[in-house]
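Per the numbering used here, the sequence shown starts with residue 1, numbered consecutively.
Warning: the hint list may mix true and false statements.
[What the hints assert, rightly or not] Within a straight-line C-alpha distance of at most 20 Å, the following computed SDA-like cross-link-like pairs (lysine to any residue) qualify:
(1) Lys3 - Leu49
(2) Lys20 - Val57
(3) Lys5 - Val57
(4) Lys3 - Thr35
(5) Lys20 - Pro30
(6) Lys3 - Asp15
(7) Lys5 - Phe48
(8) Lys5 - Asp60
(9) Lys5 - Phe61
(10) Lys3 - Phe50
(11) Lys3 - Gly46
(12) Lys3 - Tyr28
(13) Lys20 - Ile40
(14) Lys5 - Glu24
[To be verified] For each label pair, taking beta carbons as the anchor points, the in silico distance ranges come out as:
(15) Asp2 - Phe61: 34 to 40 Å
(16) Gln19 - Pro43: 26 to 32 Å
(17) Asp15 - Leu49: 27 to 33 Å
(18) Leu49 - Val14: 18 to 24 Å
(19) Leu58 - Lys3: 19 to 25 Å
(20) Ile40 - Ile17: 15 to 21 Å
(21) Lys20 - Asp60: 15 to 21 Å
(22) Asn11 - Phe50: 18 to 24 Å
(23) Phe61 - Asn23: 26 to 32 Å
(24) Lys3 - Val57: 26 to 32 Å
Hint data in this document are derived by calculation from the structure and do not stem from the laboratory. Small disclaimer: the values here were computed from a predicted structure and weren't measured. Yeah, the Cβ is synthetic: ideal placement off N, Cα and C, and Gly gets one too.
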Amino acid sequence: MDKRKAALLSNVTVDMIGQKLRNEFQIYIPEGFDTWIQEIVNPDSGLFLFQPETVFVLLDF
Numbered sequence: 001m002d003k004r005k006a007a008l009l010s011n012v013t014v015d016m017i018g019q020k021l022r023n024e025f026q027i028y029i030p031e032g033f034d035t036w037i038q039e040i041v042n043p044d045s046g047l048f049l050f051q052p053e054t055v056f057v058l059l060d061f
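Generate the whole structure from the sequences, applying the supplied hints.
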């Protein structure tokens with residue numbers, strides 16, 4: 001069975017969360033720090049190319 005696709009966007013380090021989610025999802029985590037806005041607004045971004053079913057947005061303000 002194929003895993004569902006999910007993206008994890010954040011302005012903090014989320015590598016450990018991504019590792020846990022990989023058990024249930026095929027995960028996309030963008031490269032670089034604090035790139036979540038660029039991923040959302042750029043239709044050529046990796047987020048759009050990945051075409052996730054679910055997008056988790058974790059922000060620390």
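Between Lys20 and Asp60, does the beta-carbon spacing fit 15 to 21 Å? 18 Å Cβ-Cβ, so the 15 to 21 Å window holds.
Is the hinted range of 26 to 32 Å satisfied by the C-beta distance from Phe61 to Asn23? holds, 29 Å
Is 27 to 33 Å right for how far apart the beta carbons of Asp15 and Leu49 are? violated, 21 Å
Is it true that the CA of Lys5 sits at most 20 Å from the CA of Asp60? violated, 24 Å
Is it true that the C-beta distance of Lys3 to Val57 lies inside 26 to 32 Å, as the hint says? This hint is violated: roughly 20 Å between Cβ atoms.
Given the hinted pair Lys5 and Val57, is their Cα-Cα distance within 20 Å? holds, 14 Å
Checking one constraint from the list: CA of Lys3 to CA of Thr35, max 20 Å. Satisfied? Cα-Cα ~25 Å, so violated.
Take a look at whether the Cβ-Cβ distance between Leu58 and Lys3 falls inside 19 to 25 Å. holds, 20 Å
If I claimed the Cβ atoms of Ile40 and Ile17 lie 15 to 21 Å apart, would that claim hold in this structure? Once the Cβ atoms are compared, 19 Å apart, the range 15 to 21 Å for Ile17 and Ile40 holds.
Is it true that the CA of Lys3 sits at most 20 Å from the CA of Phe50? Holds, because 13 Å separates the two Cα atoms, which is no more than 20 Å.
Can the restraint linking Lys3 and Gly46 be considered satisfied, given a maximum Cα separation of 20 Å? holds, 18 Å
If you check the beta carbons of Asn11 and Phe50, does the distance land in 18 to 24 Å? For Asn11 and Phe50 the Cβ distance comes to about 19 Å; the hint holds.
In this structure, the earlier hints numbered 4, 8, 9, 13, 17 and 24 are contradicted, and the remaining ones agree with it.
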